[in-house]
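J.: Protein chains in written order, with full-length UniProt numbering: chain C, 1 to 541; chain W, 1 to 552.
Please keep in mind that the hints were generated in silico from the structure rather than gathered at the bench.
Quick caveat, the model's predicted, so the values are computed rather than measured.
Check each hint, because a few of them may be wrong.
Below, a list of computed lysine to any residue pairs in the SDA-like style, where the Cα atoms sit at most 20 Å apart [as the list claims (entries may be wrong)]: (1) LYS399(C) x ALA500(C); (2) LYS241(C) x LEU93(W); (3) LYS202(W) x MET249(W); (4) LYS202(W) x GLY250(W); (5) LYS399(C) x PRO329(C); (6) LYS202(W) x THR136(W); (7) LYS241(C) x SER310(C); (8) LYS399(C) x GLY357(C); (9) LYS202(W) x ILE254(W); (10) LYS399(C) x VAL347(C); (11) LYS241(C) x ARG313(C); (12) LYS241(C) x ALA243(W); (13) LYS241(C) x GLY250(W); (14) LYS241(C) x LEU230(C); (15) LYS441(C) x ALA500(C); (16) LYS202(W) x ALA243(W); (17) LYS241(C) x LYS202(W); (18) LYS241(C) x ALA104(W); (19) LYS399(C) x THR368(C); (20) LYS241(C) x LEU257(W); (21) LYS399(C) x THR421(C); (22) LYS241(C) x ILE254(W); (23) LYS241(C) x MET249(W).
Residue strings, one per chain:
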Amino acid sequence: MAYSAAMSADGPAMPAGRFWVLRLMPDAPGRTALAVLLAFGASAASVALMAVSAWLLSRAAEHPPVLYLQVAAIGVRVFGISRGLFRYLERLVGHDVALRLQSALRIGTYQRLARTTLLGSRRGDLLARVTADVDAVLELIVRFVVPVVSASLVIVATSAVFAAFSPATALWLLGSALVAGVLVPGLAQWLSRRYDEAAAPARGELAAGVHELARTAPDLVAYGVADAALGRVLAVDERLKRQDDRSAWIRGVAAGCQVLAAAVAVLAALLIGGSQVADGTLPPVMLAVLVLTPLALHEVLSTLTQAAQSATRSLASLRRVREVLDAPPVGVGDRDLPPPVAPGALVLTGLAIGWPGAPTLIEGIDLTIAPGEAVAVVGPSGSGKTTLAATILGQIPPKAGTVEVVGRVGYLAQDAHIFATSVAENVRIGNRDADDADVRKALDRAGLPLPLDRVVGEHAGTLSGGEARRLALARLFVGDFQAVVLDEPSEHLDALTAEALLDDLFGSFTGVPLLVVTHDPDVIARCDRTVELAVGAVPYR
Amino acid sequence: MQHDGHVTTSDSAATRRRGPLDPRLLRRGRATLGYLIAGVAVGSATAVLTLVQASALARALGDIFATHTLTVLQQVFWLLVAVFAGKAVLAWLNQWLAHRAAAAVKSRLRRDVLAARLADPVDPGSSTASLVTLLTQGLDALDGYYSKYLPQLVLAVTVPLIIGIAILTADFASAIVVALTLPLIPIFMALVGWTTEARTRKRWLVQTRLAGHFADLVAGLPTLQVFGRARAQAEGLRRSEDAHRGETMGTLRISFLSALALELLSTLSVAIVAVGIGFRVVFDQVDLTTAFFVLILAPEVYLPVRQVGVHYHDAADGMAAAESAFAIIESAPTTPPRTASAPVPNAPRLSVDALSHTYPGAQAPALAPVGFDLHPGELLVVTGPSGCGKTTLLNALMGFIAPTAGRVLVDGAALDAASRRERIAWVGQTPGMISGTIADNVRLGDPDADDAAVRQALRQAGGGSLDPARGVGDDGEGLSAGERRRVAVARALLWVASGRADLLVLDEPTAGLDEGTETALLDALDGVTTVAVSHRPAVIARADRVLTLPAG
Numbered sequence: 001m002a003y004s005a006a007m008s009a010d011g012p013a014m015p016a017g018r019f020w021v022l023r024l025m026p027d028a029p030g031r032t033a034l035a036v037l038l039a040f041g042a043s044a045a046s047v048a049l050m051a052v053s054a055w056l057l058s059r060a061a062e063h064p065p066v067l068y069l070q071v072a073a074i075g076v077r078v079f080g081i082s083r084g085l086f087r088y089l090e091r092l093v094g095h096d097v098a099l100r101l102q103s104a105l106r107i108g109t110y111q112r113l114a115r116t117t118l119l120g121s122r123r124g125d126l127l128a129r130v131t132a133d134v135d136a137v138l139e140l141i142v143r144f145v146v147p148v149v150s151a152s153l154v155i156v157a158t159s160a161v162f163a164a165f166s167p168a169t170a171l172w173l174l175g176s177a178l179v180a181g182v183l184v185p186g187l188a189q190w191l192s193r194r195y196d197e198a199a200a201p202a203r204g205e206l207a208a209g210v211h212e213l214a215r216t217a218p219d220l221v222a223y224g225v226a227d228a229a230l231g232r233v234l235a236v237d238e239r240l241k242r243q244d245d246r247s248a249w250i251r252g253v254a255a256g257c258q259v260l261a262a263a264v265a266v267l268a269a270l271l272i273g274g275s276q277v278a279d280g281t282l283p284p285v286m287l288a289v290l291v292l293t294p295l296a297l298h299e300v301l302s303t304l305t306q307a308a309q310s311a312t313r314s315l316a317s318l319r320r321v322r323e324v325l326d327a328p329p330v331g332v333g334d335r336d337l338p339p340p341v342a343p344g345a346l347v348l349t350g351l352a353i354g355w356p357g358a359p360t361l362i363e364g365i366d367l368t369i370a371p372g373e374a375v376a377v378v379g380p381s382g383s384g385k386t387t388l389a390a391t392i393l394g395q396i397p398p399k400a401g402t403v404e405v406v407g408r409v410g411y412l413a414q415d416a417h418i419f420a421t422s423v424a425e426n427v428r429i430g431n432r433d434a435d436d437a438d439v440r441k442a443l444d445r446a447g448l449p450l451p452l453d454r455v456v457g458e459h460a461g462t463l464s465g466g467e468a469r470r471l472a473l474a475r476l477f478v479g480d481f482q483a484v485v486l487d488e489p490s491e492h493l494d495a496l497t498a499e500a501l502l503d504d505l506f507g508s509f510t511g512v513p514l515l516v517v518t519h520d521p522d523v524i525a526r527c528d529r530t531v532e533l534a535v536g537a538v539p540y541r
Numbered sequence: 001m002q003h004d005g006h007v008t009t010s011d012s013a014a015t016r017r018r019g020p021l022d023p024r025l026l027r028r029g030r031a032t033l034g035y036l037i038a039g040v041a042v043g044s045a046t047a048v049l050t051l052v053q054a055s056a057l058a059r060a061l062g063d064i065f066a067t068h069t070l071t072v073l074q075q076v077f078w079l080l081v082a083v084f085a086g087k088a089v090l091a092w093l094n095q096w097l098a099h100r101a102a103a104a105v106k107s108r109l110r111r112d113v114l115a116a117r118l119a120d121p122v123d124p125g126s127s128t129a130s131l132v133t134l135l136t137q138g139l140d141a142l143d144g145y146y147s148k149y150l151p152q153l154v155l156a157v158t159v160p161l162i163i164g165i166a167i168l169t170a171d172f173a174s175a176i177v178v179a180l181t182l183p184l185i186p187i188f189m190a191l192v193g194w195t196t197e198a199r200t201r202k203r204w205l206v207q208t209r210l211a212g213h214f215a216d217l218v219a220g221l222p223t224l225q226v227f228g229r230a231r232a233q234a235e236g237l238r239r240s241e242d243a244h245r246g247e248t249m250g251t252l253r254i255s256f257l258s259a260l261a262l263e264l265l266s267t268l269s270v271a272i273v274a275v276g277i278g279f280r281v282v283f284d285q286v287d288l289t290t291a292f293f294v295l296i297l298a299p300e301v302y303l304p305v306r307q308v309g310v311h312y313h314d315a316a317d318g319m320a321a322a323e324s325a326f327a328i329i330e331s332a333p334t335t336p337p338r339t340a341s342a343p344v345p346n347a348p349r350l351s352v353d354a355l356s357h358t359y360p361g362a363q364a365p366a367l368a369p370v371g372f373d374l375h376p377g378e379l380l381v382v383t384g385p386s387g388c389g390k391t392t393l394l395n396a397l398m399g400f401i402a403p404t405a406g407r408v409l410v411d412g413a414a415l416d417a418a419s420r421r422e423r424i425a426w427v428g429q430t431p432g433m434i435s436g437t438i439a440d441n442v443r444l445g446d447p448d449a450d451d452a453a454v455r456q457a458l459r460q461a462g463g464g465s466l467d468p469a470r471g472v473g474d475d476g477e478g479l480s481a482g483e484r485r486r487v488a489v490a491r492a493l494l495w496v497a498s499g500r501a502d503l504l505v506l507d508e509p510t511a512g513l514d515e516g517t518e519t520a521l522l523d524a525l526d527g528v529t530t531v532a533v534s535h536r537p538a539v540i541a542r543a544d545r546v547l548t549l550p551a552g
């Protein structure tokens with residue numbers, strides 16, 4: 001697998017320019033060119049099949065010795081077979097290069113995102129979108145680049161061959177092919193772009209509406225407003241349908257125009273070629289070739305409207321990916337953990353915090369937490385509690401002041417991700433060198449006696465909220481941390497589960513400084529001290 | 001180029017079992033039957049115009065070839081113009097009808113799936129994310145089924161018949177070639193599909209699993225970063241990407257084979273027809289006009305059958321989506337009709353009699369039989385360990401689930417679920433928030449309540465410091481879990497205050513409140529008939545009755 005040198009190691013440098021996607025891999029242009037050539041071969045074979053067949057019939061009518069027809073007969077059979085073979089190979093090569101580019105873009109995107117601090121940055125939707133948008137590479141290569149470039153080559157090649165026999169016919173053929181293959185799809189794309197672009201937010205609205213309806217279904221039903229909510233979602237659906245209607249109308253008109261363009265090519269060839277036969281400037285055997293070949297050529301062009309419309313969507317997706325790739329990294333992203341040492345105090349001195357590039361949220365934080373001490377940090381939503389955590393973890397720099405920690409700081413997020421893999425692999429996120437015994441011990445300490453090889457995460461979906469929190473806790477136990485930050489440890493858990501978890505948490509981190517971000521009175525009551533963050537906060541949004 | 005649908009969507013085993021024509025899809029399609037019939041009519045009319053076009057072109061070519069004059073064009077030129085114009089209009093109609101056919105079914109399925117989700121509000125069945133995917137991109141795959149595959153299936157019969165008869169009347173030998181080769185196409189496709197199905201399906205499973213790896217890693221990036229493991233995972237991602245590509249290409253190599261068989265058979269058949277008729281022209285067994293007529297028509301016979309193969313994968317994607325949609329629609333309980341017996345004077349406000357529930361497929365009941373009477377103004381507190389059925393009890397009271405046994409009476413009357421809900425204000429364990437403002441959420445059941453009432457309800461719920469104008473994002477973003485609960489309790493209190501409800505059903509209403517606020521909230525509940533799940537001592541102390549459920 002060949003990735004460009006720039007893709008390796010630490011920072012991928014994304015290629016610039018209009019065709020940046022093709023430069024993700026050094027051999028991508030070559031492989032794409034091969035796919036285009038094979039596609040050209042397939043389309044050219046079907047055009048040639050018609051042309052040679054037409055010649056064969058015309059020549060046969062002149063009653064030559066059968067031997068003279070054999071070459072053409074073989075040609076017809078060869079073109080008949082090669083079209084299918086070329087098409088098969090083109091599909092494989094095209095998909096292969098597209099999938100390679102998709103991989104390269106995924107890895108590049110991953111490496112870029114790994115370097116920007118994502119903790120609490122409310123970018124969950126963005127991450128999900130990037131995942132889907134990256135897939136547009138496949139569509140772009142397979143449905144746009146290969147068919148469009150190969151069709152252009154077929155147009156040029158066919159016109160060039162025609163020019164040798166009848167330049168006037170060749171001109172009409174070229175003109176009609178340009179109309180059907182370039183002008184009409186281009187116009188259709190341009191006209192429907194307005195609807196395609198309006199459809200994107202409407203689709204987003206539909207998705208948001210469905211999401212909200214599913215999430216709030218019991219509340220909507222309980223308060224008797226389910227029908228009204230359903231009506232609102234269906235209104236969006238109706239709007240989307242109307243936009244799709246217009247788009248389909250344009251596609252239909254484009255298809256009709258393509259048929260008319262084919263008609264122009266055929267009729268022009270009949271008139272011009274016919275007069276040339278009449279005045280003896282064209283061998284009669286060529287007439288059927290000139291008249292019937294355009295039918296096969298225009299057949300090839302009929303898929304181009306859809307190709308152009310799909311390009312609108314995939315290019316928009318890739319633009320969004322590019323925005324993510326080009327955004328300057330925030331903070332350090334991935335942490336570099338120092339080696340473990342004996343625990344010491346966590347000291348914040350004159351600390352001012354805020355997201356890089358955003359205004360300062362809170363300043364003048366002075367706080368010392370001794371080993372074995374638990375301090376609750378409280379404050380309204382949006383007052384910067386997660387920003388404080390990211391600053392202490394060293395993922396973003398302080399706006400002013402200092403953070404002094406001894407050794408490694410561990411962090412228990414309220415929404416720690418559970419990966420779709422075994423329980424053991426999930427725990428090893430905390431310490432990749434841990435053996436099975438270490439993992440077992442950590443799980444037992446976290447009160448989660450699960451089998452190590454049980455598969456959990458998105459597709460398994462087998463953990464309750466409390467179990468997921470305990471699995472994340474086991475990561476902290478398996479690693480060696482000299483200070484710990486807990487983020488809303490009781491949030492979203494039912495009362496009894498929360499109580500049991502808090503017992504275990506506060507019983508475990510006894511010899512290290514413990515900073516607890518919370519607003520739950522039960523959690524605050526368990527801490528030694530409470531620090532209130534000033535409400536100098538930026539309101540939500 | 002339709003085959004790449006493969007790479008992004010999976011088709012379920014169920015789809016394969018049902019074959020390409022799911023009767024339920026056809027039933028749902030009744031709304032679009034008119035469009036489908038019109039689509040087939042347009043396709044057949046196009047075939048007839050193609051016949052006329054072939055005949056006119058063949059005549060023109062044969063005549064000019066023989067006479068070296070253009071006299072024949074006086075007869076056929078304008079005919080050809082008219083035929084092409086007709087085909088252009090039909091091409092436009094075809095696109096439009098195809099779209100309309102799919103759009104009508106898609107809207108219908110969206111409505112039915114959402115209605116099913118609301119009919120079974122507490123059992124998600126599938127995750128919200130997969131529901132969103134199903135109702136957006138998922139159903140879009142039905143475009144391929146209704147707009148291309150289904151009409152093409154009919155056209156694959158009508159068009160070869162129309163054009164085949166035309167060839168038969170013109171040249172018997174060519175018609176034989178067509179009649180012999182055409183049936184080979186579906187036979188070969190079935191053979192290729194049949195021999196590769198098991199392998200394809202196995203690869204599918206591996207491929208689907210690998211495809212999720214990137215999404216999983218990206219979603220987990222914040223967690224990886226915290227442990228300093230994000231960069232190291234890039235190597236694992238690279239390996240999994242290589243494996244994914246390998247599996248996908250393996251699957252494609254097999255599944256493109258059926259397309260290859262199709263192309264080979266159809267183009268080779270055209271070639272055989274062309275060569276065969278060419279040699280018979282040499283020996284004057286066929287005249288040139290007939291030969292051209294057959295040559296132009298030969299590819300048209302195979303085209304609709306080829307299209308069925310091309311659109312088969314589109315259809316498979318659409319059917320997989322439809323399968324999920326039907327699963328949701330069919331699993332939803334039917335809404336019972338409104339029934340109400342007359343209230344009984346002096347009956348308890350709420351009377352629960354031997355109520356129990358066992359979830360389908362479960363061994364033990366989630367809720368062992370319970371019964372209690374609650375008189376106006378009383379507070380019943382339900383306690384018990386995790387999993388003892390507290391939430392199941394509340395869901396049964398709310399009519400979100402139909403309990404397997406027992407009765408719930410309000411004022412002595414057996415009400416259907418919807419009528420009962422009109423009497424009850426409810427706060428769930430994780431209250432749902434609509435996007436908008438806090439006030440929008442408090443007003444959920446009572447949109448006409450004035451600002452003062454909203455503020456009053458918030459104050460009573462212990463959320464006096466919450467600004468009613470504060471924004472709430474998707475999924476309650478911007479509110480903490482505690483704040484969300486305050487808003488939901490305010491929502492319930494406002495509904496009671498509006499005089500619509502005279503019963504409260506609450507799940508942990510005071511969790512996360514300090515003692516002072518908790519007392520204030522309990523004071524606000526005074527005088528309202530309430531069932532509350534709670535383990536807080538202050539709440540239990542206020543209870544008129546405590547129901548302790550045994551461990552499940």
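J.: Each hint: holds or not?
T.: Evaluation of the provided hints:
Taking the CA atoms of LYS399(C) and ALA500(C), the gap is about 38 Å. The hint is violated against a cut of 20 Å. A threshold of 20 Å between alpha carbons decides the hint, and for LYS241(C) with LEU93(W) the separation of about 18 Å falls inside it, so the pair holds. The hinted pair formed by LYS202(W) and MET249(W) meets the criterion: a straight-line CA distance of about 13 Å does not exceed 20 Å. Restraint check: the Cα-Cα separation between LYS202(W) and GLY250(W) comes to about 11 Å, which is no more than 20 Å; the hinted pair holds.
Note on LYS399(C) and PRO329(C): the hinted pairing holds, with a Cα-Cα distance of about 17 Å set against a maximum of 20 Å. A C-alpha spacing of about 28 Å is found between LYS202(W) and THR136(W), which places the hinted pair above 20 Å, so the restraint is violated. Taking the CA atoms of LYS241(C) and SER310(C), the gap is about 18 Å. The hint holds against a cut of 20 Å. Distance check on the hinted pair: LYS399(C) and GLY357(C) sit about 10 Å apart at the alpha-carbon level, within 20 Å; holds.
Between the alpha carbons of LYS202(W) and ILE254(W) the distance comes to roughly 12 Å, so the proposed pair stays at or under 20 Å and holds. Proposed proximity of LYS399(C) and VAL347(C) is supported: the alpha carbons are some 16 Å apart, at most 20 Å. Restraint check for LYS241(C) and ARG313(C): the C-alpha separation of about 17 Å stays at or below 20 Å, so the hint holds. Annotation: proposed proximity of LYS241(C) to ALA243(W) is violated, straight-line Cα distance about 39 Å (limit 20 Å).
Distance check on the hinted pair: LYS241(C) and GLY250(W) sit about 38 Å apart at the alpha-carbon level, beyond 20 Å; violated. At most 20 Å may separate the alpha-carbon atoms for a hinted pair to count; LYS241(C) and LEU230(C) meet this at roughly 16 Å. Distance hint between LYS441(C) and ALA500(C) is fulfilled; the C-alpha atoms sit about 19 Å from each other, no more than 20 Å. The straight-line distance between the Cα atoms of LYS202(W) and ALA243(W) is roughly 15 Å, inside the 20 Å bound, and the hint therefore holds.
For the suggested pair LYS241(C) and LYS202(W), the alpha carbons sit about 37 Å apart, so the restraint of at most 20 Å is broken. At most 20 Å may separate the alpha-carbon atoms for a hinted pair to count; LYS241(C) and ALA104(W) meet this at roughly 9 Å. Pair hint LYS399(C) plus THR368(C) holds up; C-alpha atoms about 19 Å apart against a cutoff of 20 Å. A C-alpha spacing of about 36 Å is found between LYS241(C) and LEU257(W), which places the hinted pair above 20 Å, so the restraint is violated.
Of the supplied pair hints, the one linking LYS399(C) and THR421(C) is violated, its CA atoms being roughly 38 Å apart against a limit of 20 Å. Under the criterion of a C-alpha separation no larger than 20 Å, the hint pairing LYS241(C) with ILE254(W) is inconsistent with the structure, at around 36 Å. Restraint check for LYS241(C) and MET249(W): the C-alpha separation of about 35 Å exceeds 20 Å, so the hint is violated.
When the structure is compared with the earlier hints, violations turn up for hints 1, 6, 12, 13, 17, 20, 21, 22 and 23 and for no others.
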